[in-house]
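Construct all of the structure, not just a fragment, from the sequences and the given hints.
The sequence shown begins at 1 in the UniProt record's numbering and counts up by one.
Just so you know, these hints were derived from the structure itself, not from any lab.
Hints are not guaranteed to be accurate.
What the hints assert, rightly or not - Derived CB-CB ranges, DEER-like:
1. GLU105 to ARG131: 45 to 51 Å
2. LEU88 to VAL116: 30 to 36 Å
3. LEU100 to PHE123: 34 to 40 Å
4. ILE125 to ALA30: 19 to 25 Å
The beta carbon of each residue, even a glycine, is placed where N, CA and C say it ideally should be.
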Amino acid sequence: MHSLQSLKDFVEDCGDLVVDPRNLEWMREADCPIVADVTHSLQQPAGQKLEGGGVASGGLRELIPCIARTSVAVGVDGIFMEVHDDPLSAPVDGPTQWPLRHLEELLEELVAISRVSKGKQAFRIDLTPFRSED
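Written as structure tokens, this is what we have:
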């Protein structure tokens with residue numbers, strides 16, 4: 001099983017992680033199920049100092065719907081998301097936890113996108129010259 005987590009490239013200049021959805025299409029060639037790790041792909045590098053020592057990673061929770069929609073439209077076989085009833089008090093990965101109260105709404109949207117997307121089907125590209133008939 002492949003994971004979007006393995007597709008992250010670290011961009012040192014901006015200290016951010018970049019997810020490239022083209023890789024989802026290319027990974028399909030391995031003929032394995034593809035699972036998008038939506039929440040971990042939005043973590044920001046560790047560096048937030050914690051009381052009592054240690055560091056934690058930050059995250060971009062507000063982009064979870066964007067990455068999930070993109071992944072489903074491309075045609076992944078599954079979505080992995082961390083969900084919590086109170087993300088601000090989650091013991092780990094709080095900045096990338098999706099609020100439980102919004103899960104059903106997001107999942108309904110993702111199912112709808114999946115039903116209309118042809119992301120799992122290869123698009124047949126006709127490269128012959130196009131001439132409209134007069």
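Exercise. Which of the listed hints are broken here?
Worked result: No hint contradicted; all consistent.
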